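Protein sequences appear in the order of chains H and W.
This note's numbering puts the first residue of the first sequence at 1, with every later residue one more than the last.
This note's numbering puts the first residue of the second sequence at 1, with every later residue one more than the last.
Please keep in mind that the hints were generated in silico from the structure rather than gathered at the bench.
Computed from a prediction, not measured in an experiment: that's the story for all the values here.
Note that CB positions come from ideal geometry on N, CA and C, so glycine has one too.
Check before you lean on any hint, since a few could be wrong.
[Unchecked claim] In silico lysine-lysine, DSS-like type, Cα no more than 25 Å apart, as pairs: (1) W/Lys-260 with W/Lys-337; (2) H/Lys-130 with W/Lys-210; (3) H/Lys-130 with W/Lys-169; (4) H/Lys-130 with W/Lys-260; (5) H/Lys-53 with H/Lys-423; (6) W/Lys-210 with H/Lys-124; (7) W/Lys-56 with W/Lys-86; (8) W/Lys-211 with H/Lys-124.
[Unchecked claim] Partial pick of chain W residues on the chain H-facing surface, computed with a CB cut under 8 Å: (9) His-245; (10) Ile-246; (11) Gly-279; (12) Lys-280.
Here's the letter readout for the chains.
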Amino acid sequence: MILEILAHAYHTLILLLLSMFQHGLELFILKFVPFFIFLEMPVYLLVLIGILKYYSKELTPALENPAFLPTVSCIITCYSEGEDVQITIRSLCEQLYMGRIEIIAVIDGAHQNRNTYSAAQEMKAYFRDKPRRILRILPKWQRGGRVSTLNAGLQCATGEIVINVDGDTSFDNDMVYRATRQFINPNVVGVAGNLRVRNKNASMVTHLQAIEYLISIHATRTGLSEFNLVNNISGAFGIFRKAFIQKLGGWDSGTAEDLDMTLRIKNYFARHPDLRICFEPRAIGHTDVPTTFYDFFNQRLRWDGDLFYIYIRKHYLSFNPRLLGWKNMLMQLLVGMLFQIILPFVILFYSCYIFAVYPTGLVLAVWALVYLLYLAITIIFFFVSILLLSERPWQDLRLAPYLFIMPFFTFSMRIWAAIACMKELFMQSHLDSTMAPWWVLKKGKF
Amino acid sequence: MDFIYFALGKHSLLIDINDISCVTCSSYEEYLEHKTVPDGFIIEGSSDDVALEVLKKLRGASDTFLCPVFLCEHTGKLFDMLSDGKVSSLEEATVQSASLFQQQMRLHHDIDDYTENALLRVLAYLFLRPKTVVLPFQQWNHPHLYSYPLLEVLAGDEQGGATLVATLKNRKFITATELVDRVRHCPACNYAHFNFIDVCPECNSIEIEKKPFLHCFICGNVAPQEQFMHNNTLTCPQCMGQLRHIGVDYDRPLENYICKDCDCLFQEPDVVAHCQHCGKRNRPDELMPWPVYAYQSTDRVTYAVRTGEVDDVYSLFDELQNINPVHFNYTVDWLLKMCQRYTDELFSLVGIRVKNLSELYKKIGRYRLIELVDGYISRIRETVRVTDLMTRTVTDVIWILLSKTDSSGCDIIVSRLMSLQSLTIQDEGVQLECEVVTFSAPDNMIAGETGEQLLVRLEGEIA
Ligand SMILES: [Zn+2]
Ligand SMILES: [Zn+2]
Ligand SMILES: [Zn+2]
């Protein structure tokens, strides 16, 4: 039965591909390729152009000012990382940067997370003969959530530049140097750091996430950055000009505080068109990702729900060209609303629709077509990333076999995002977000 | 009562008091011209140095060392140790001297005894002042870093009183009350002045440098960090690999030091204690730990002073050119460790206890016993080599340490020592009766036993 359907699907696919030559390309595309792909295409093109622009600039690198050495404060938000936090602290201490680096480990709920706290304490000895490196440990005995942790760190930060990092993220030794180069331009207020998957060899799902990070962070943000269109400064790794975020009043919102911060910075863009948020692909952090599908989908359920909450509930007023500027608003609409929120629904409904209306063979054939298309896009982005951007090309190349699974992975993420939004819409799940206890959220402005 | 009042500088003391005669002198020399020994002294005025000089001279002279000496204004550790305290009037001095005079009546030695016998001087002083604490005094330029000024001055001992402390302690005239410090002595010359230097563990050179090092995980290269740095990135000079993440591509090796002489890399330098006196370079664990105590006199002092029997018969054996028991213990301990480490190392130990010494003392009297023991001792000296060490413990065991001697060599020595006994037969038919215990390392070694434990164990066998 299944074999029969598959055979039928195969024949249909061949017919479809043949018909492409018989009836002309335009007709074929209009008839069979799902329309949502046309919405994505311009973005992919824009990103590719951006990457090429970045690459051509890099061929003749502008002179950097090596004497620009502002003091950098790294706020590590620690929770239950335990001894892993030592890797983070150590990788920051061992930066090759010649300026001062102040490392502030804020331990949220230090009472429950004793071993994280003592692991951080143990690192104090490591700093004894390290010039221009300072370790401050800030235990918050009462658990207060990410935002209060970040703001506590911000309050005691003395540096001109503030880097917020997660306790399970470690860094290449030139990260601070590369990140600070962006701030030579006085209009740069925020820089998104590049994240890689630290535990990519742990399982299949970590390999897939490694590809996802390479394409959606490394490649996509490099491209978008060229047009000042960086959509988000990740909460695991963001770099800010301290004076600016202090003017914004620090971090806010109980959920997705990183996207919230990005949007609040962007709200200044229309009035101050010179301000910039950029992405620095060479400021590299390595972070742990979920190792099982179960954990992975749980994480995404939370993230996508938070995203929906931020866009729809908190920042709907921000979608205003007078705040964001036309370009950014369009992009935010396209990338934020369309990709993250609308597209998942479209795909979900489209899938249900064609399964209901068309014969199974045809449906499978269409999906096979879609698969090939996505595979092509993935492969193009993958190799563009490796050839033009990656600083570890050989290491990344080992991910290639997993490319064939990527379209399935991306598809299931999209479907899952739709489910997460629905959950958020009907169940207001952000209130039980594990990152902040309920009383913090209740006290919040939103 | 009569006092000599040393008015070395300004005077403030009211000295005209009836029935107390008080002579004022302005220097020690002026006092000597009087040719009388007063009941006590009072020192006032002048600098600390001059006053201390007078105080030391009074305590060092055999006719005045027991006299009460009071101060008026001088203070300091040395003044506290050597004087009888401060007074503000002549009356007060008289009152405070009274008890000393009473005690002094109980002494029945004359000045000649004191002139001859330094030990007796010390004992008499301690007898009159039973609350005296014999305190160590820290002195940076003293060979042992600490001296006992009271003993030094009373006995006229230039060496800081260390040997006298050992004698007093061995005979239980004094007992340790408080551990004040612990110094370390050079095993070669016994001085306590060291310079601790860091040296290369390979070639002992002192030309070493601490540098940050990196260990490349790609090729295993370990080199100073500066060789990796190329405009804000790390590149391995050997494999040219880019090192990006600590703990992943590279790490800090345990080695932190480089020797400029032999170019070797090492984690921790060796520490060498360089003796500033004899120049020997010792490992820190080779130094002899030396506890510095404060001491208090025991009731044996009273007994000895009142009977006049300061000598104990066993001290006759001190003629053997003994080394200090502590030093001896240390040497045994060290040799045991050497035997554990090196198979070709060996030594033997002979313990002798003379059982009937007090019996002989009664039977043949002091002078003949001295003769007997002297003869025995000179024979023992002939039997052993110069390189062999001897000591006599508090418990009156004579230990002989025979270096580089195995058990058969030891047996030969013991049989000779035993035959010496028969040479001591007296007309009364008595002779020295000795019991002997032997030990040879490594044959009889018990794993983990320290030198002190060993000596205690052996001593038990001849108790
Ligand atoms: Zn050397
Ligand atoms: Zn190498
Ligand atoms: Zn020496």
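Outcome of the hint check:
A hinted pair counts as satisfied when its Cα atoms are at most 25 Å apart, and W/Lys-260 with W/Lys-337 does not qualify at roughly 33 Å. At roughly 13 Å between alpha-carbon atoms, H/Lys-130 and W/Lys-210 fall within 25 Å of each other, so this suggested pair holds. Taking the CA atoms of H/Lys-130 and W/Lys-169, the gap is near 53 Å; set against the 25 Å cutoff, the hint is violated. Restraint check for H/Lys-130 and W/Lys-260: the C-alpha separation of about 23 Å stays at or below 25 Å, so the hint holds.
As the CA atoms of H/Lys-53 and H/Lys-423 are separated by approximately 40 Å, the hinted pair breaks the 25 Å bound. As the CA atoms of W/Lys-210 and H/Lys-124 are separated by approximately 21 Å, the hinted pair is consistent with the 25 Å bound. Annotation: proposed proximity of W/Lys-56 to W/Lys-86 holds, straight-line Cα distance about 16 Å (limit 25 Å). Distance restraint check for W/Lys-211 and H/Lys-124: the Cα-Cα separation of roughly 20 Å lies within the 25 Å cut-off, and the hinted pair is therefore satisfied.
The criterion of a C-beta within 8 Å of any C-beta in chain H is met by W/His-245, whose closest approach is roughly 5 Å, and the hint holds. Interface hint status for W/Ile-246: upheld, as the beta-carbon distance to the closest one in chain H is roughly 4 Å, under 8 Å. With its C-beta approaching chain H no nearer than about 33 Å, W/Gly-279 sits outside the 8 Å limit, and its interface hint is violated. Evaluation of the W/Lys-280 hint against chain H yields a violated restraint, the C-beta minimum of about 33 Å exceeding 8 Å.
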